[in-house]
Amino acid sequence: AQTVTQSQPEMSVQEAETVTLSCTYDTSESDYYLFWYKQPPSRQMILVIRQEAYKQQNATENRFSVNFQKAAKSFSLKISDSQLGDAAMYFCAYRPYYNTDKLIFGTGTRLQVFP
Amino acid sequence: NAGVTQTPKFRVLKTGQSMTLLCAQDMNHEYMYWYRQDPGMGLRLIHYSVGEGTTAKGEVPDGYNVSRLKKQNFLLGLESAAPSQTSVYFCASSTQGTPSFDEQYFGPGTRLTVT
Chain Z
1 AQTVTQSQPE MSVQEAETVT LSCTYDTSES DYYLFWYKQP PSRQMILVIR
51 QEAYKQQNAT ENRFSVNFQK AAKSFSLKIS DSQLGDAAMY FCAYRPYYNT
101 DKLIFGTGTR LQVFP
Chain D
116 NAGVTQTPKF RVLKTGQSMT LLCAQDMNHE YMYWYRQDPG MGLRLIHYSV
166 GEGTTAKGEV PDGYNVSRLK KQNFLLGLES AAPSQTSVYF CASSTQGTPS
216 FDEQYFGPGT RLTVT
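Line by line, the protein sequences give chains Z and D.
When you line the first sequence up against my numbering, it's residues 1 to 115, in that order.
When you line the second sequence up against my numbering, it's residues 116 to 230, in that order.
Only chain Z is shown next, with the shape it has when bound in the complex (with noise of 0.2 angstroms):
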């Protein structure tokens, strides 16, 4: 069974500077999509960004990066000149190729943004 594991329950980050969150996930898979939410305290989920196994290219989308490495399966999330905004809870997501279903989610990384 695919699972995620976020093993950082808590981040904490000044403004401004960078903070990477980490996420790993087990398959035995070789396409899928993994995902980065953002929960603020609203509730809201929030698609942050995607990366598609297929691609080797690391997904970036502004200030939002990604460090995809399929051989590890590892998908870390670095957040430059993190903002006020950026404090949330954030989950990283595994999606099967062919099960549309299957949107596994890790436990999440709360992070705290200080000025």
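If you are wondering where the hints come from, they were derived from the structure by calculation, not from laboratory data.
Wrong hints could be hidden among the right ones.
Below 30 angstroms or equal to it, Euclidean Cα-Cα: the simulated DSS-like pairs (lysine-lysine) are [claimed, not checked]: (1) LYS78/Z to LYS102/Z; (2) LYS124/D to LYS102/Z; (3) LYS78/Z to LYS55/Z; (4) LYS185/D to LYS102/Z.
Fit chain D to the given chain Z structure using the hints.
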């Protein structure tokens, strides 16, 4: 365009009571999902639907029933609420299934407390 909406936002039930959570989407999405989120855990899939008139079980379906009578609505029912069903419930929808990427759009969540 409201996206995904959930009714109600908060609810308190007594053990044994029943209730229905309503999810509505105005994006003409085929797929809809119900998740629950518990402290220290990521979202877990309860039930999902791949189109009007269809439903299927997810990871944690026991104690819940669902219906998809209209494409835009997905109902989650609790026939006899139990304290273990205290959770935050999220609805999501997406355009279509595999293998293309289909972002799941989430509603704002419903906080349910069963006493």
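Checking against the hints above, which ones are violated?
none
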